[in-house]
Amino acid sequence: MLNYVVRRLIYAVPIVLGVIFITFVLFRMVQSPEAIAIIRLGPKATRQAKDDFIKREWLDRPLSVQFVRHVKKLLTFDLGTSWKTGRDLRETFISGAGPTLLITLPGFLVGLIASVGLALYQVFVRNSLLDRGLTLFAVALMSVPTVVYIIFMQAVGALGLKYFPAAGFNFEGFGTLRFVALPILVLLVINLGYDARLYRAIFMEEIGQDYVRTAQAKGAANSRVLGVHVLKNGMIALITLTVAHLPALIMGSLLIENFFSIPGLGNVLVLAIQTGDLPVVMASVYLGSLLYIASLILTDVAYAIADPRIRLS
Amino acid sequence: MTKGIQDWFAWSWQAIAKFIQDWFAGLWQAIAKFFAWIGGLLQTVWNYWLTQDLLVVAAFSFLAWMIWRGSHNERWQRAWTRFRADRSGIISLCVVTFYLLLGALEVMQMPVGNDVNQSVLDWSIEHSVGEVPLERSYSEPLATTHLDGNLGPLKCRHILGTNALGKDVFVQTLKACKTALIIGGLTSLIYIPLGTLFGILAGYFRRRVDDIIQYIYTTLASIPTILLLVAIIVASPWGKGLATMSVALGITGWVGLCRLIRGETMRQAERPYIMAAHALGQGHSMIIARHLLPNVLHLVVINFVLGFSNVVLAEAVLSYLGVGSPVGTPSWGNMIDGGRAELGRDPVVWWNLTAATVALFGLVLALNLLGDSLRRAFDPKRG
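Chains as they are written, first to last, in our numbering: chain A, 10 to 322; chain B, 144 to 526.
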């Protein structure tokens, strides 16, 4: 097992280096030092200020030297400071992680339960009119842009019902729930259509297997066959698919946090995009990729624990 | 003595580094200049009204040619027979065609008077319903006065009201179809050839080629899509715009297609007909072009349809982030983005947001259903 984990980690090294290289190309090579200085200092900056900036950021050094420095900095998580706020990025990201996790984690879990439930129900009434209707409903849910869901929820939940705060965030124990309820609901709706369709396909494939017929022949109730036998076997495929759309989770929370003014990672990034704060965007790309790679490795390990055959190949 | 050598080494290293740096900088500048020149040229050509008409004609001819070729292919014939029986597929195909025609009408320009061009859509609206006058500001659907009573009565009733600039929302919604189709088309033009080519190469040659291509797409895929998209657009030297957005969507989009095509090519390459082609002495390029490509093309078509819907959705998100369609372009993304502020007004301005959402929803839903139907038609067992 340890052998497998180590091997998996070694595979990740070139990919992390590749990601670092991509960030270098995007944020150092594509634009001239002059252009980067203009993004930083604005078009009206003096010659002297621009030259100082270029010198301070090593933009006048050879690319090879810059690249080595870039790799060193990213590997030691020395992410620099934000151009706009001047705050240390490490600190910014650590303080932003709490609110983000408060939304994405519950949203993810609730969403998983809801979509698995819907998919199982569809398999329960499979090939009926209801099933087809629900499939159409799932496709329709997928066809609405995220932004519209957020605007709609905000309008109905906060401005219409006046029950939830339209925006804002505050740690106040149980009261925090009022702030995160709407964002979590939005996250749930955004992913429901896509997930339910995917999971339904998995369960439909499982339902054709021999063990299902055996279980039915034994006299197991339909609900037991679905809820225990099929769900357990489908879980393995489910794990992979869940991780496969972790990026979508980040994307969803990005907009949600900005709309509901939640001081999380997504909000930091949106502000950086709108103000052209390159270090923040770069750090987000790097950290986001690291998280994704780490979660992929975790999935593979979980997968290997569940299915011993994988370890050997 | 050693000091001298050290100095000499330090000097020559610096000289070499300087040389490489200058060379690189020069190369980059040359490349940037070249692209800027190409961009300028394309802009000029694009702005000439006849070009756009010719492009539309070319696109439709290509479509017709594909259909004609497909109708002579047994596999596509069988798929068509199955597709015909699929009601939701036929309906969604009609809806998609409607949007396609709408977009084409808006892209096509015609000269009216001296040096003034008008899109065919504008022209046909003007000649069927009459001229749609420009109002001063917001007005409710079918209202007779402006939303702000001080601005006085409207020149005529508007089915879906008018927006902040006094433009008719219904006409704007129809015009925005063009933006969605252009972004979708440009993106597909980038990612479809990339994904198909790399997928087939990886699946056919395997070994080193496969390793390299797999490495590239695993690395790209390990950056969350939205972050990569935003990073490319923010960092691009061309600035924000439709072309930049399409390039970014293209770069992020080819990974999924490549993976799919690679798998299918691997499966196909082991089948007897490929072995037979080898035995007959056909070259690699011949096998790829004549045997492999036609047999994975249906996956490309399905992916194209589903990918198009993703691009249209992504445009809305990117426009909200401020890196999408330029302000002022009639696009559904911009209209939805504006809707947020408009809902906060008193009285609420809901028609702009609703019109854009419904139009976008119609296109994306139709594309999704069409993709599903195509999948079922080509692969009845797995669909």
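Any given hint could turn out to be false.
To be verified - Rough simulated footprint, nothing fancy, chain B against chain A, three-plus residues with beta-carbon under 8 Å:
| hint | region |
| --- | --- |
| 1 | 35-49 |
| 2 | 76-86 |
| 3 | 146-155 |
| 4 | 280-287 |
Calculated from the structure, these hints are not laboratory results. Cβ coordinates follow ideal geometry from the N, Cα and C atoms, glycine included.
Each hint, compared with the structure:
Only residues whose beta carbon comes within less than 8 Å of a beta carbon in chain B count, and the region 35-49 of chain A has 7; three or more means the coverage holds. Taking a C-beta to C-beta cut-off of 8 Å, the region 76-86 of chain A contributes 0 residues in contact with chain B, too few for the three needed, and the coverage statement is violated. Counting residues of the region 146-155 of chain A whose beta carbon lies closer than 8 Å to any beta carbon of chain B gives 7, which reaches the threshold of three, so the coverage claim holds. Check on the region 280-287 of chain A: 4 of its residues sit with their Cβ under 8 Å from a Cβ of chain B, so the three-residue criterion for coverage holds.
Hint 2 alone, counting from the list given before, is not met by this structure.
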